[in-house]
Amino acid sequence: MNTPVLDVKKAWVSRELKHDRQLFRAQFSPDGRFIAAGGQDKLVHVWELDGEKKKTFNSHKTWVSSLVFHPKAKRLFTADYLGVIHCWNHEAGGGPQWTIPTADQDNVRALIVTPDGRFLISGGDDAIVKVWNADNGKPVGSLEGHKECIFSLAISPDGKHLVSGDLYGSVRQWGIGSWKFERELDAKILHTRLDNFIADVGGVRSLAFNKDSKLLAVGGMKEAKSNAFCPGKPTVLIFDWATGKQKTELRIKGKSDGPFNAMCFLEDGTLTGHTEILHSDSELTFWETDAPEPLHSIKNGSAYDLSLHPDGRQLLVTTYVSGGSSGNGARKRHREQYTPNSTNLKIFSLFSKPAAKKAGC
Amino acid sequence: MNHIPHNHACGNTEHGVSRRQMLGTLGGAVGFGSLLQPGIAAEIKKQHKQVCLIWLDGGMSQYESWHPLPESKFGGPFRSIKTSIPGVHFSELVPETAKIAHKISVIRTMETKDPNHSTGVPRIQRGDPIDRGVIYPHLGSAVAKLLGPANPNLPPYLWIKPGNGGFIAKEAGFLGAQYGTLALGDGKPPIHIHRPDGVSAEVEAARNALRLKANERFKAYRGASEIDAYETSYAMARQLMARKEIFDDSKMDPKDKERYGTHPLGRHILQARRLLEAGVRFIKVNSYHWDTHGDNFNMSQRLIPQLDRPFAALINDLEDRGMLDHTLVIVMSEFGRTPIINSRLGRDHWPDCWSIALAGCGIKRGAIIGETTKDGAFVNGEGYDIGHLFHTIFTLLGLNPRKTRYRIKGQKLAIAHDDCEPIKEVMQ
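Residue numbers (this note's numbering), protein chains in the order written: chain R, 246 to 606; chain G, 40 to 467.
No lab work stands behind these hints, which were simulated from the structure alone.
One or more hints might be untrue.
Just so you have them, the derived chain G footprint on chain R, three or more residues with Cβ under 8 Å [as the list claims (entries may be wrong)]:
| hint | stretch |
| --- | --- |
| 1 | 302-311 |
| 2 | 465-474 |
| 3 | 553-564 |
Which residues of chain G face chain R? A few of them, derived with a C-beta cut under 10 Å, are [to be verified]:
| hint | residue |
| --- | --- |
| 4 | F117 |
| 5 | P154 |
| 6 | G202 |
| 7 | P229 |
| 8 | P293 |
| 9 | D295 |
| 10 | I379 |
| 11 | D387 |
Beta carbons are placed, not taken as given, at the ideal position from N, Cα and C, and that holds for glycine.
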């Protein structure tokens, strides 16, 4: 079968996997056969896409905050709010192959594996990027320099550089292998602390390189108006990787008020990202990165993660679904119907929907 | 003449007070002497009850503080940690309070009615009495009226808040402006508290006498409310002028600053302790921006420790100074936060089942009150409305809320909701 032509303007939802709790992270496996997801129910869920068989992995004692597949081996790494990282065989099932019990003092917010599969890298609340042996979880190094918690990590496609983004809008570049600090990119616009705030808001919530490592997209939100609702303007900054200078600031068309939690580049250089909004619909947005206005956007609920299938034609969007009881109380009269919100793992096919076959043909 | 039904009551018509009577007392014990018979006043003075209300405006999440339930479907991601009470757990975001849990009580089954800030804040701070077509005073003004100043040389009701200060008359409701509060912006005294060097004490006294005389003359032919407010605020400012050492940072132990924290809420609770030590009857400490509809877990991680340390330090300090037995400390908001987590990973407003913390002045030590559903979303059985809390507070302050009455335009008004009772489970 020929690979369909990439056309984000014709994207459509080709598959949905529903889960009765809120999931925060979901990723395709490198072979495209699995989806792994984790979130509020402390479980790691792995769907086999051919036939929808599902495995559940149970060892985390709190919310699953991050996950990443090993690029080559049958390994899935998952992390949680208590600083624990587990390594699983997502195909065989069973308990963790090994565990890092204290990868962070608190929340491990980001995980990534180097393209050669040798190193697992984590970042989180203690503001230290940590490098682990991806085969056994032994510590390799600690990269210090961030002054606040780390939200995001990315590795350049050539495998030479790691970037880490923090609450203050600092993006720090490190050499892979040397583990030396190389430079800092300024994304401070994504952090807000007004005089009347009692907490810092925002941060670098997502990072993505384009395929030839010429551009780095830095996602979050700017101009937060309070530290309570935390509403801001969803923003993506495009940096020229060679110079480290910001080239473009990307906007959304709709009315989302939360940060870009995830982004990825498509093979034609289009960038896609998704934000959150309170009690309304947000949108899946696509840009050609040299223009601030979106190329296209698709109305969708709030979403927390994106993952591009290895075929480059399917995009997994971890979409929030309201159970109908969100918003302010009082709800006493409806207490029997008061249930948590849920998730729809939507797979968007990024091409024109094939025409339905006529009956009898 | 009516019988005084309770030794601390002020329902007697003789205890009603006109603005003119009240003005006669300004600059000293605001209204106290004219409200109560001398014997009763002496009794109340002896009791020297004080209150510190720590108000987390917007609503703190009970799941991220006093009632964590991480194993439930609504629990957050944070650890549940042991407290100094065997078998009782708080969130890991309140580790210092967990150490002193045996000194405080937590009510986990507050069940109030209003899910909105604009109506909820005044409703809660006024005790939500039965609507009789009048505007009830906020708790601080009510206590200022009912007990008067604990120290006759200091205002009975001060409010420490971020931002600007100034005299806030509307807190007093139908009691009239003289029971309003002087807000200390950022915990600092009113500006111009210091008499300029070029103005002698004699000149200052003469100026004040002239000012009072002009006010009296102006008031003789006009409505007095605005003048009352002005007079009261001026009197309060003069009282604070005489006690400016209370605000002198150089006299503060650096270790105290460290223990309470350098963030606004820490500094303000420490300033509240100094004012309590000086003898202020009622102090409200406000912190804003707790309304975490968005990013609740990142925000709670940063906000709640700002309460934890100074609250625990305050309880310890009051106890060390022998003040906890007569000082009631209350930590609360207009409501809690929803069990359900919304699309922005926030929690919304939740009056159905939420938690408050209390300590001192007859509050049980180490009591955890109320049974909720396993997931913490709803009260099992009957919850406590704000009226119950007001009955509890007034009772602990030595008042009888069943018998004590305000008098307004000839009408006797209950000081707390007629249909509520004190929460006996939380009282010693």
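Against the structure, the hints come out as follows:
Note: the stretch 302-311 of chain R has 3 residues with beta-carbon separation from chain G under 8 Å; the three-residue rule is met and the coverage holds. Taking a C-beta to C-beta cut-off of 8 Å, the stretch 465-474 of chain R contributes 4 residues in contact with chain G, enough for the three needed, and the coverage statement holds. Remark: the stretch 553-564 of chain R is not confirmed as covered by chain G, as 0 of its residues place a Cβ nearer than 8 Å to a Cβ of that chain, below the required three. The closest approach between the C-beta of G/F117 and any C-beta of chain R is roughly 7 Å, which is under the 10 Å cut-off, so the hint is satisfied.
Interface restraint check: G/P154 against chain R, minimum CB-CB distance 4 Å, threshold 10 Å, status holds. Restraint check, G/G202 versus chain R: the minimum CB separation of about 7 Å is within 10 Å; hint holds. With a cut of 10 Å, the hint placing G/P229 at the interface with chain R is violated, because the nearest CB-to-CB distance is about 21 Å. The interface hint given for G/P293 is broken, as the beta carbon of that residue sits about 23 Å from the closest beta carbon of chain R, more than 10 Å.
With a cut of 10 Å, the hint placing G/D295 at the interface with chain R is violated, because the nearest CB-to-CB distance is about 20 Å. Given hint, G/I379 at the interface with chain R, holds; its Cβ is 6 Å from that chain's nearest Cβ, closer than 10 Å. Taking 10 Å as the C-beta contact cut-off toward chain R, the hint placing G/D387 at the interface holds, the least distance being around 5 Å.
The earlier numbered hints that this structure contradicts are 3, 7, 8, 9.
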